[in-house]
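Residue-level listing of the chains:
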Amino acid sequence: MTNHDTTTHEEHAHGHPVVSWQVQLGVLLVLLFFTFTTVLFYNAESWVESAFEIHLPWWVNVVGAMSIATVKALLVCMFFMGLRYDKALNSFALLFCLFCVGLFLGITMIDLDTRDRVYEWKKDSVAVGGTGSGLDTPSIDARFDSSPAPSFNTAGLSIVDFRRQQGLEDAGSELAFWTAHYHHHAEHQHAADVNNFFAQLGYDHHVDLPDANHAVPRTGLTAGLFSAVDPSEAHNSHAAEDAAHQPAENNAGH
Amino acid sequence: MQTTLDADTTPAPAHIANHPTHWRNRPFAAHFRTRDDDFDASKFGMWLFLTTEVLLFAGIFCAYAVFRMMYPEAWSNGSHHLNWIIGAINTVILLISSWTAASAVRCAQLNKQKWLKINLVITIICALLFVGIKFWFEYRVKLTVGKAPGTFFSYAFAENPYEVLWWSLYYMGTGLHALHVVIGASLLGWVLYRSWKYQAYGPTEYLMVENSALYWHIVDLIWIFLFPLLYLIH
Chain X
3 MTNHDTTTHE
13 EHAHGHPVVS
23 WQVQLGVLLV
33 LLFFTFTTVL
43 FYNAESWVES
53 AFEIHLPWWV
63 NVVGAMSIAT
73 VKALLVCMFF
83 MGLRYDKALN
93 SFALLFCLFC
103 VGLFLGITMI
113 DLDTRDRVYE
123 WKKDSVAVGG
133 TGSGLDTPSI
143 DARFDSSPAP
153 SFNTAGLSIV
163 DFRRQQGLED
173 AGSELAFWTA
183 HYHHHAEHQH
193 AADVNNFFAQ
203 LGYDHHVDLP
213 DANHAVPRTG
223 LTAGLFSAVD
233 PSEAHNSHAA
243 EDAAHQPAEN
253 NAGH
Chain B
227 MQTTLDADTT
237 PAPAHIANHP
247 THWRNRPFAA
257 HFRTRDDDFD
267 ASKFGMWLFL
277 TTEVLLFAGI
287 FCAYAVFRMM
297 YPEAWSNGSH
307 HLNWIIGAIN
317 TVILLISSWT
327 AASAVRCAQL
337 NKQKWLKINL
347 VITIICALLF
357 VGIKFWFEYR
367 VKLTVGKAPG
377 TFFSYAFAEN
387 PYEVLWWSLY
397 YMGTGLHALH
407 VVIGASLLGW
417 VLYRSWKYQA
427 YGPTEYLMVE
437 NSALYWHIVD
447 LIWIFLFPLL
457 YLIH
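Chains as they are written, first to last, in this note's numbering: chain X, 3 to 256; chain B, 227 to 460.
Hints may be right or wrong, so weigh each one.
[What the hints assert, rightly or not] When the alpha-carbon atoms are kept at most 20 Å apart in a straight line, the in silico EDC-like pairs for lysine to aspartate or glutamate are as follows:
#1 Lys368(B) x Glu189(X)
#2 Lys368(B) x Glu385(B)
#3 Lys89(X) x Asp266(B)
#4 Lys368(B) x Asp163(X)
#5 Lys269(B) x Asp88(X)
#6 Lys89(X) x Asp264(B)
#7 Lys89(X) x Asp263(B)
#8 Lys89(X) x Asp262(B)
#9 Lys269(B) x Glu279(B)
[What the hints assert, rightly or not] In silico contact screen, one side only, chain X against chain B (beta carbon under 8 Å); selected entries:
#10 Thr37
#11 Thr40
#12 Asn63
#13 Ala71
#14 Lys74
#15 Leu91
#16 Phe106
#17 Trp123
#18 Pro152
#19 Ile161
#20 Gly169
#21 His185
#22 Ala194
If you are wondering where the hints come from, they were derived from the structure by calculation, not from laboratory data.
Built from N, CA and C at the ideal position, the CB exists for glycine as well.
Here chain B stands alone, though its shape is the one from the complex (with noise of 0.2 Å):
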């Protein structure tokens, strides 16, 4: 699959080569004894705070657990006001962009910043896509008939008490998650920025696109959890 966007041989112009952000220009942090060590320093901290957010929905997958189990037909009933049609190609557009995602941390491995700005841009376009789909025809459709959290819940013809239960949970689940989704965008949408204006990014300086990609896959994969979970139920 070999095309002209592969191989990067062309040298950057001497503006971007000799600024001090072009990536190899950049030096790693003093108090380390190596690149690497900074690298892996630095991914163990992402990790532990990836941790952290995982935790953070455990607590949204808890409650839902619990009220799940005592309310069983409330959560039937909620689950068919959803369509799963519109959530499965929202996980379809995640995954893609996961692998994009994905793709870019390889491409700036390799030097090959086209593919890399392409594969972020790709992202970005899926992030966009994710939210505006949950946006337009979820929450709108739902809210203008009354299907909200909380107190906010005027919907007339829910059939189980127990209803608002499950549609606040759905919102607070979905709206973290499309909160997570617009703060890996623009993590995404900086290394973008930083790549296009100074080639930030390279083999021996790509650690920015490691751990915003990590995050990436985080949000990816509460989605891959939260799909079955409230689409998926009978």
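So that you can see chain X by itself, here it is in the shape it has in the complex (with noise of 0.2 Å):
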């Protein structure tokens, strides 16, 4: 981009000054590398986990992502919306902004992290919720529950195991609710799946391999060798009629 600075200013609107179109179309370019960068990250963050076997600390994730999103949106304030042309003024009330911003997260950080100096019990006792009122507290007066949203007795339990056990009831068995979970989302075995359906239902291909670091021996024939079809795909054709009452989630989501 370094031979068209000469046109950065190629007229004057009435002393407004004209951003060339060369500049322009080379922060997107500039914008689109970030992005796919932003996307590489992530997936080489994926990729490091998986293949070296480490957990990488939490924060790496945020600063990586932060940072380069700092660096397109600088991008995008100093040229697409002028202020590397503009006066002062607008950057200063731009900055200032964020000045405020860094005090609002901030100062609640410090709010939340500090909530055992007066009284210790109040530390890290922001529950879901946060209200101090649940689903199931009774009312204290019927015209302050105005809330659109709906409202139902959950008796004790979190919505989201709410919902778990509502569902469970739908599907009848709790071999129906596993089998309509685990056809579309056989990656892992679910939180929730205490009795191990996931291995049941025949989704846990995990196989010990040898690799360079150990070795495994194994005996007798390799499975399926003189079958005509995958004896996991027949393990599982037998579980798999679909009674549960949830629609299923198609391909767009993980």
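Two chains, two frames, a set of hints: combine them into the complex.
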């Protein structure tokens, strides 16, 4: 982009600087590149964690994503919004706003972290819901109960557990419930699948294979060597009838 | 890249050129010394409004940061329900629309009326694409399986009791952002209409184009931060 510097101010519309189309297109290409970079960073992080079997600290993801996002934001502000060519007052307004955002986030974090300074029992006391009243809190006065959202008694369960219980009842049996789930999401055993239907339904395909660092002696015939059909598929087809109430999610999500 | 659309040397037809709304015929506000003072003051006013928009989303980002810190597993689980490919496509669409919006301002500054309208049309098409993709491929799919905000949540297979917080913030953040996309597209549509009907914008009168484009860039900026925070968590 350096050879376009001389055309940055090609015309002046009554004193207002006109950004050249080369600069604008260049900034777009750089932005698209950084979008690609941030996606690449995310995928690289996943790959590193799985290939080296390490767990990266939580801040790697945040710092990486936010620094790339900040660069993109700077480019949009300076060139597309014109702050680079504008009066400094407009930049000052934005910077002051960002300072206020920093105050907002910073003081909130400090508050959350130091709640035990006065009352020990207030630390970590943010509960789901947060206002001190849950779905089961009895109403103080019906005139205040004007929330348009549905409200129902969950008998003390979290809404997530309540819905799972409801799903179990609608499906009829645990087998039908988990079959419906694993039919579309067989990546890993669900946290609530305490009876290990993941393995029972045959989705537990993980086989301990030997690699350069450890040898796994295997004896006997290879499974399915003489079968005409995949034995794990045959096993799944018996449990695959979809009796669940929940509609299946399509492949747009993970 | 000289095309026949580049230099808009054809004068406007008389009924447009003589209309009081044509950019050559519009006065600036009487309480300003010069036209430039009017422009600068109005643009600064727009920047002040944009800072309030940033603070609006800062509230949502603050809630996001607090709950992500407190319930990282719920955030990780929730993010895995989102398809980053769709998010990336939407990001590219918005970046391109930001470019065409900035280009539209430039065209108004250089009296390129035809390209001004073309750029505005492309920006609005990108906005409609963004909202369409979001509603059809994301919201529709998620809401039909019960991944909904707050007490509307009815997905039976969530793995963490705090996942409902994730969904609430997801819908709040992206929903408010989609609303801003619609508002921004409406503003640009208004600019397009007036440009088409009256040739209302030109080198000495392009404040409305500039301010609408600034609003659009803020919308793009918010999404630049929302995308990695929602779609690219581990």
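Quick one: which hint numbers does this structure break? Sort them smallest to largest.
17, 21
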